[in-house]
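Engineer: Sequence:
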Amino acid sequence: MRVQVVRAWPERFDAEELDLPRGATVADALAATRLPLDGVAGVAVHGTRVREDTPLAGGDRIELLGPLVADPNERRRRRAQAQAGRGRR
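The numbering of the sequence shown is the working numbering, which starts it at 1 and goes up by one.
None of these hints come from the bench; they were simulated from the model.
Treat the hints with caution; some may be incorrect.
[Unchecked claim] Label-pair distances were calculated between CB atoms; the ranges are:
| # | residue 1 | residue 2 | range |
| --- | --- | --- | --- |
| 1 | D71 | E11 | 11 to 21 Å |
| 2 | L68 | A32 | 22 to 32 Å |
| 3 | R76 | W9 | 17 to 27 Å |
| 4 | R86 | L35 | 20 to 30 Å |
| 5 | R78 | A31 | 38 to 48 Å |
| 6 | R49 | G23 | 45 to 55 Å |
Just so you know, these numbers come straight off a predicted model, no measurement behind them.
All residues carry an ideal CB built from backbone N, CA and C; glycine is no exception.
My request is simple: use the sequences and hints to build the entire structure.
Structural biologist: Structure follows, in structure tokens:
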């Protein structure tokens, strides 16, 4: 079965097509890819975060997730402060 491994980070985009045996898992795809795995913080299939033991189906897109660029709580706090400064609540 054919799957695609994608690494899409702000500074770089890489994609690789793999031909894996039926019953392959995310871990099998990670072992087979030639894309760099350094800095990978997680893995998703079609946008849904998954574990490495997740079975794959033909046509799946395995996404290598990068580290968080900003703390979500800090971003919310700054956005709330900016809106309060403009007279919004």
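Engineer: Hint by hint, say whether it matches the structure.
Structural biologist: Structure-based check of each hint:
no. : hint                    : in the structure
1   : D71 <-> E11: 11 to 21 Å : holds, 20 Å
2   : L68 <-> A32: 22 to 32 Å : holds, 27 Å
3   : R76 <-> W9: 17 to 27 Å  : holds, 23 Å
4   : R86 <-> L35: 20 to 30 Å : violated, 43 Å
5   : R78 <-> A31: 38 to 48 Å : holds, 40 Å
6   : R49 <-> G23: 45 to 55 Å : violated, 21 Å
Checked against the numbered hints given earlier, this structure breaks hints 4, 6; the rest are met.
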